[in-house]
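Asker: So you can see what is in the structure, the chains are spelled out below.
There are 2 protein chains.
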Amino acid sequence: MKTLKVVKIGGNIIDNDVELISFLKDFASLKGPKILVHGGGKSVTKLANKMNIPVQMIDGRRVTDAETLEIVTMVYAGKINKNIVAILQSFNCNSIGFSGADGNTIIAKKRPKLTIDYGFVGDVVKVNISVVNILLNNGISNIFSAISHDEKGQLLNINADTIASELAIAFSELYTVQLYYCFEKKGVLKNIDNNDSVIEKINQVSYQELKSSGIINEGMIPKLDNCFYALEKNVSKVCIGKSDMLFNKEFRCTTIQ
Amino acid sequence: MKTLKVVKIGGNIIDNDVELISFLKDFASLKGPKILVHGGGKSVTKLANKMNIPVQMIDGRRVTDAETLEIVTMVYAGKINKNIVAILQSFNCNSIGFSGADGNTIIAKKRPKLTIDYGFVGDVVKVNISVVNILLNNGISNIFSAISHDEKGQLLNINADTIASELAIAFSELYTVQLYYCFEKKGVLKNIDNNDSVIEKINQVSYQELKSSGIINEGMIPKLDNCFYALEKNVSKVCIGKSDMLFNKEFRCTTIQ
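Residue numbers (the numbering used here), protein chains in the order written: chain A, 255 to 511; chain B, 255 to 511.
The list treats identical chains as one, so a pair stands whether inside a single copy or across any two.
Straight-line Cα separation of at most 27 Å, DSSO-like style, residue types lysine-lysine; simulated pairs:
| # | residue 1 | residue 2 |
| --- | --- | --- |
| 1 | Lys465 | Lys477 |
| 2 | Lys285 | Lys503 |
| 3 | Lys496 | Lys285 |
| 4 | Lys285 | Lys455 |
| 5 | Lys380 | Lys279 |
| 6 | Lys496 | Lys296 |
| 7 | Lys439 | Lys455 |
None of these hints come from the bench; they were simulated from the model.
All chains should be built: construct the whole structure from the sequences, respecting the hints.
Answerer: The structure is reproduced here in structure tokens:
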């Protein structure tokens, strides 16, 4: 099977024009089929502030009322997504910007209101890869913003890490899929105060040990659970680290396999 | 050759949720390959006002500085485009939202600064139909916002009527193309005060007469010049009128042939 790379980038790249252009130049040069998934960085909060719309976060997740959904759609699917596509075209990387609604690729369901009402936030229920695969077969890269829909005309805000893992899982039927989570650190750290203390390999056994000993805790646990879930669902490997890991084989990162 | 319909809608449909959903339901039921092009309606001005960014229009065209381009991209390619795609999916019309940057479909050049500096406004220099055609051949409709790029990483604001005519012209190589401009009136009117005085057919000869007699004047002249330009470049016919003309053969409109 051919290898497909699914790459997720976050705020540390998106919020910095120089970093973004440099990353996209490298991304454009990556050989083989590839998909990019981006979050929104700080632009949503900035725009909400300019419009005097209050921002509410619970456990690091954005509460998305109708006005916030409009902002999120404008920033993710409009501003950030189209800028990325235009920059990639300037590096001769033919690409198309997608939301999950485009090509009916990612179908989500509004999260039920339990103790917390997150508003127009969705959980993925189905991924249709056919349209994206036609484009990949024609040498076109797909750039996903973290917006999807419920097939009833409602857009929904989705976690970008989840979009990346769900796409990676769905494409594992057709490709050997490598999933890359790029963030500001070199990987999962043994010592949070030492940026070079990267744990190079984690498997299910060592993960349990690292959790029991408290080395992996809090925010990293849902991230890593998401990675192991992808591996269980036939994604070939998952890497976490700085985006350099994609372009330089010598660059250390955390590989989860 | 197969027939392709290129349909442009404007503010009278986009600014009214009920009209938009009703139009999209009908659009979804149209048989055969189809492309939708949308303008931005009043949302851009509304958002600019909320953000305290001044709006400047010269001869009905928006002066697009960097901040305005950001708003235009967010509203056209984000909010409006993704909403249209989500609504079409709810009517089982598989579609993908495009800007001219996506698939490197429409390449534009920043308009040179002569007496007026329009800012980041572009004129179309080339249309690449290959990616859109792959999608059309797979039964997917393309929904174009009026944003494009210069192949150097710069997004540009383009007139939506022009996007529609340039796509119609480019596709005339492969299809018999019908171009539909939907607006709030039933067509070109003989008497501006009588909404039923639709001129049903206009050709080059009658156009010259209608201009000399002053029946066609001002804003309609560039619109009609654009239509005749499309016909010269092998578009098969151009219709102007209410969107009903698309779904009801008995509905009167102006046909330019």
